[in-house]
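The primary structure of each chain is shown beneath.
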Amino acid sequence: MANARIEPGMARPAGDPKRTNRFARDFAINKYLYLMIIPVLVYYVVFHYAPMYGAVIAFKNYSPVKGILGSDWAGLKHFYDFFNSYYFLRILKNTILISLYTLLFEFPAPILLALLINEVRSKAFKRTAQTITYMPYFISLVVICGIITDFTNSDGVINRLFMLFGYDGQAMLQKPELFRPIYVLSEIWQRVGWESIIYIAALMSIDMEQYEAARIDGASRFKQMLYITLPGILPTIAIMLILRMGNLMNVGFEKIILLYNPVTYETADVISSFVYRKGLLEFGWSYSSAVGLFNSVINLALLITANWISRRVNNSSLW
Amino acid sequence: MKRDKGIADRLFEFIIYSILVVMIVVTLYPLLYVLFASFSVSGEFITHKGFLWRPLGFDLGAYESVLRNSGILLGYRNTFFIVTAGVTVNLIMTALGAYVLSRKNVLWNNAIMVFIVFTMFFSGGLIPIYLIVKGVGLLDSLWSTIIPFAVSTFNLIIMRTSFMGIPDSLEESAKIDGANHATILLRIVLPLSMPVIAVMILYYAVDKWNGWFYASVFIRTRELYPLQLILREILIANSTDSLSAGADAGDRFQLGETIKYATIVVATAPILFIYPFVQRFFVKGVMIGSLKG
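Keeping their order, the protein sequence lines are chains E and P.
Residue numbers for the first sequence, in the working numbering: 1 to 319.
Residue numbers for the second sequence, in the working numbering: 1 to 293.
Keep in mind that the hints are not guaranteed to be accurate.
To be verified - These stretches of chain E come out as covered by chain P in the derived footprint (C-beta under 8 angstroms, 3 or more residues):
no.	segment
1	204–218
2	279–286
Unchecked claim - Each computed DSS-like pair below joins lysine-lysine, with the alpha-carbon atoms no more than 27 angstroms apart:
no.	chain 1	residue 1	chain 2	residue 2
3	E	K66	P	K104
4	E	K255	P	K104
5	E	K77	P	K284
6	E	K126	E	K66
7	E	K31	P	K284
8	E	K123	E	K31
9	E	K123	P	K175
10	E	K77	E	K93
11	E	K66	E	K77
12	P	K104	E	K126
13	E	K93	E	K255
14	P	K49	P	K104
Claimed, not checked - Beyond 12 angstroms from chain P on every Cβ pair, some chain E residues (computed):
no.	residue
15	A74
16	L76
17	D81
18	L97
19	G166
20	K223
21	I228
22	L234
23	L248
24	I257
Just so you know, the hints here were simulated from the structure itself, not pulled from any lab data.
We put the CB at the ideal spot given by N, CA and C, even for glycine.
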């Protein structure tokens, strides 16, 4: 963080130097800087803080005619409705399960990839492997989901492949029990390369002398990987893991709403997609805002907890 | 003993390369399949089952239909506008914020930083954002995908970190020569930050190019749809609920299978074509970002 102290002699303050209020002095020196940042501040106020204020409609019966201010208060009614509804447990369970499966299967994948790439001696092969595995990250979600839909359709190529192993050939996205595997596997496919970059960067800072010493002691390459490389990136892994924990209740809706359909709601519908559907498609503004606010608060709490743990365990934190 | 180790290491190497080759094939094959399918003769393709190792015949008909499709052309035009205007707005705003927040001895900077970073961790939620966008009159305009996303806080932090790395002495001497902040930003800070600017342009551009969700919420007029929304209609609309899908199911294109794939290629090629040349900038961005972590 920049040091906010004003050093003496930086500029001549207006009026008596000793008596001038430090705010006035700071303003005299930095007024053009403050002028420059006004557009940015306005942006944050209008598009971030105003919506936070707008979230009060969660406690009101919002009607577009009366506006945010004019709508009648509803107290905690929408929250009660949500907690008592059939959907509460369903979307809570789906959110946590999809998050956990992603954590369990998608999180280790880039670590493994980074370890593998690190062992490759051929520069050309290394470059090729990296370029190709990073690629899917840049393909738009709509296209990815289009490809997924197509490949898992009753005559799609993945479906055909599974039919060889006795799959019944129904469109896979119509089967609730297959939604989560499809979601997680496609996440791995799209993200593994990109997310490995950070681990590869961490690998480069490992002291080469350690490998030298291990070789002299006769350690095999596999042992070197296990006892030098892996511990070397452990701090990075820990930070990434803690960040993930902070986002446990934060499953993005974009991919979900591209892939799910009413048949798979029971396993696919998460908090954010529920908010989207109830609010923007069914116009339950207040109810949906209550659900969204509930999610935001949980997310913030989780993040603060994760950060606190990280500071304790790892001595590193987000703030 | 020594021989044993040699064999173990060779086996290790073999396993490493095998797994990587499998990963490369699994990553690449779906893309190749799409490419092959798009060039195939549609009659042959429809009757074909299973894997595809080359185009079935050679037919550019699918591409002709795609490039003649007015929806896709309009989508391309709208996306082009969103990317160019959007990235311009993003860059100006991010640079302004990053410049001010990277200055030392500014009393309010810490407070402003907290004010900005807090928005990364707490959001008012989808519905209030929609109401605000509606309130400021951006609904159903291409600007609704630009103005409400003028600054990405994450990118702002990356740019600020980079600006802070510029030696103070350069600015000090400029100040002595009577340069004001605008001059310092434009003549000293920005020219010295070209790598990070490149990273920013790429991040923002990919974001704008790929963005579809907010456009689907904010934009109603079909002529204003960006490419990704058109793609969604063609590729998946029939299997997902959306604001627009039900409305005009009738005039949704009746597209053959190969046309679908040609559409994917046409929409993805620009990004994947540029990507190998700019890959190192993306990687650099991750590195700068992780330093701040």
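Do the hints match the structure? See the list:
no.: 1; hint: 204–218; verdict: violated (count 1)
no.: 2; hint: 279–286; verdict: holds (count 4)
no.: 3; hint: E/K66 / P/K104; verdict: violated, 46 angstroms
no.: 4; hint: E/K255 / P/K104; verdict: violated, 42 angstroms
no.: 5; hint: E/K77 / P/K284; verdict: violated, 49 angstroms
no.: 6; hint: E/K126 / E/K66; verdict: violated, 61 angstroms
no.: 7; hint: E/K31 / P/K284; verdict: violated, 34 angstroms
no.: 8; hint: E/K123 / E/K31; verdict: violated, 52 angstroms
no.: 9; hint: E/K123 / P/K175; verdict: violated, 47 angstroms
no.: 10; hint: E/K77 / E/K93; verdict: holds, 22 angstroms
no.: 11; hint: E/K66 / E/K77; verdict: holds, 19 angstroms
no.: 12; hint: P/K104 / E/K126; verdict: violated, 42 angstroms
no.: 13; hint: E/K93 / E/K255; verdict: holds, 18 angstroms
no.: 14; hint: P/K49 / P/K104; verdict: violated, 65 angstroms
no.: 15; hint: A74; verdict: holds, 15 angstroms
no.: 16; hint: L76; verdict: holds, 17 angstroms
no.: 17; hint: D81; verdict: holds, 15 angstroms
no.: 18; hint: L97; verdict: holds, 21 angstroms
no.: 19; hint: G166; verdict: holds, 16 angstroms
no.: 20; hint: K223; verdict: violated, 9 angstroms
no.: 21; hint: I228; verdict: holds, 14 angstroms
no.: 22; hint: L234; verdict: holds, 15 angstroms
no.: 23; hint: L248; verdict: holds, 14 angstroms
no.: 24; hint: I257; verdict: violated, 6 angstroms
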